[in-house]
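Novice: Residues per chain are reported as follows:
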Amino acid sequence: MITLIPEERLARRLQAPGTTATPVKLFDLGKRYRVVAAGSVREYRDETRDCAYRARVAAVFVALALDSAARPDALPVPPPGPAVATPSQGGRNDGPQAAVPAASPTLPEAIVPSQGATVGVPMPTVALPLDARAEATTAQAVSSENPGVTAPVSSNSVRPSTGEGFTIEAAAGGAVGFGNGDDVALPAIVLGIAARRGDWAGTGGIVAAPAFDGTAGGLRLREWRLPGYLAVRHHFEREGWAPYADGGLCLVLHAATGRDLANDQTDRALEVGIHAGVGIRLGRQAARFKPFGLLVVDYFPRPSAISALPRGEVGHTSSVWMGVAFGVSINP
Amino acid sequence: MSIRNANRCHCWNLSAAAFMASVLGTALAGSALSGCGDRLDVGSDLLWTARHELGDLSEWTALPGGGTEAVAPSSVEISPTHVHQGRFGAKLTITAPANAGQQGAVLGRAGGLPRETYYSAWYYLPQPVAVGDNGFWVIMKFRIRNVPDNPDTARELYDLDLWTLPGGKMSLRLYDHRLGGYNVALDVADPLVPTQRWFQVEAFYRNAQDSTGRVTYWLDGTKIVDIEGMAMAPNSWVGWQAGSVGKNLVPATAVLYVDDAAISRTRVTPTGIIAR
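Going line by line, the protein sequences match chains R and A.
If you're matching positions, the first sequence starts at 1 in the numbering used here and goes up one per residue.
If you're matching positions, the second sequence starts at 1 in the numbering used here and goes up one per residue.
Chain R on its own, in the form it takes in the complex (with noise of 0.2 Å):
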């Protein structure tokens, strides 16, 4: 609030001789939430019920409620439509019903009561207090964007896009393997899938490899491995770009085969693993293509040992892969 109205003008508003004790007043209405400042009143629609995004809008809607009321001829005038009523303020409305200032065009659609609809259940009330600021994000959205305007733009939809879905990933880099005294490097394509909602999402995948020769113990072999892995995500939201971390399990389906043996074979097993990482992903939120940059780590504690007769086990499998990888991701 304090972005939108300097402090001192804040405090005049609030405590001018007419305000009401409570001169601010919010009520949680489900879906629908209304914000009652300075006389004027205003419901909105909000399906997804983010709290944050509440704030912001409401803070702007008492912000230009008071300073309205300071200033009646700086509201621009609203187009002509149904006059509609606002409901009892104690008292405050007495005789004809005003009608409700259109919303502003940068506000969400604005859904005002008709006469007679029921009021719902009002939250506690929240005086502002003199010194209460808007939380930071707020202020510094309303104060980079456009002063005394906050973010939501579009009449029709209720919110921007935040990320919320599903993404489809794409990437292509390499990884190593070590942990077994001989190191391995090989190319792969990871594809993967990420189910978000806010700054969270579940996401898994797979990753593609060819087939590498490896040794343990000095014997050859032919190794082919797929992983997939499991994970945990939290995007960390900036302007333009967004790091993001991933935590969980990763499982590899490892086959092998021994070279050069008297008799050779191929035995398979599943590894499991922790599977961790850190990633960039560029462009706007509500682009449908942006590149990424994912760097991963795979720990195996008990990588599978390696058996050939008849010396019996002669190696394992390596215990830490690390990948690198670069692509895109979709929101279909």
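Hints listed in this document are in silico derivations from the structure and should not be mistaken for laboratory results.
Careful: at least some of the hints might be erroneous.
As the list claims (entries may be wrong) - With the C-beta cut set under 7 Å, the calculated list includes, among others, these residues of chain A facing chain R:
1) Asp-38
2) Arg-39
3) Leu-40
4) Glu-156
Just so you know, these numbers come straight off a predicted model, no measurement behind them.
Ideal Cβ positions, reconstructed from N, Cα and C, are used throughout, including at glycine.
Since the structure of chain R is already known, use the hints to place chain A on it.
Specialist: Just chain A now, with coordinates in the frame of chain R:
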């Protein structure tokens, strides 16, 4: 000022944290359970084994050129009495008193063996046996043939003998039948052979007709002799025996157990595995 549905916002963060914790916990639990016993068996260098777990000697006799040989009262039989691993071993009994000539009970492979490969077997001596003067007790043999397809041309090449040290303990010596026959000096002087405990004898034999020939022996993993740089057999035919061939033994009746014999491209060693 903010509109906050505390329950919803708080629960989402808790849910995400709980999910991550459960994922990590699953990973740790899964990694603890799997991979511990997971093993990739990628093959084997074993060419042949005789573990005697079938309860008979067919592992020796079923192959071309393989077999057992014993002249009564000597005998070769399956026995559960002393076993290296599993349920059965081979029991070789000979009666070789002084002045009675050579007696033998052997298990062998003849022909069809690689030019170079490793041979191994485990032995058990229930009691010490004294080898008298002019006596001998062979437990491993390499044989040759002047004509590969003619068994009548078979001759001895190397004999690994048990013999008695002053004081009664048993040791090994290598006898070369060529050049009139002589005991080869070992790299390890008088290696001790245990009684009432299984011991392993390994040999590497490269049957070359030129100076690349080689024969090497190990006792319980310790190399005791390495002969290289000389020709071995006159042709590619190889014969190998694990057995008991003796003369002038005290007591005259000597029992020797043999188990877990193997022919392989790589050394078995005392810790080697010849069966899963």
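Novice: Next, verify each hint and record whether it holds.
Specialist: Now for the hints, and whether the structure bears them out:
1. Annotation: A/Asp-38 was flagged as interfacial toward chain R, and the flag holds, the nearest CB pair being 4 Å apart, inside 7 Å.
2. The beta carbon of A/Arg-39 comes within 5 Å of a beta carbon in chain R, closer than 7 Å, and the hint placing it at the interface holds.
3. Because the beta carbon of A/Leu-40 sits about 4 Å from the nearest beta carbon in chain R, less than 7 Å, this interface hint is met.
4. Below 7 Å, beta-carbon pairs count as interface contacts, and A/Glu-156 has none with chain R, the closest being about 28 Å; its hint is therefore violated.
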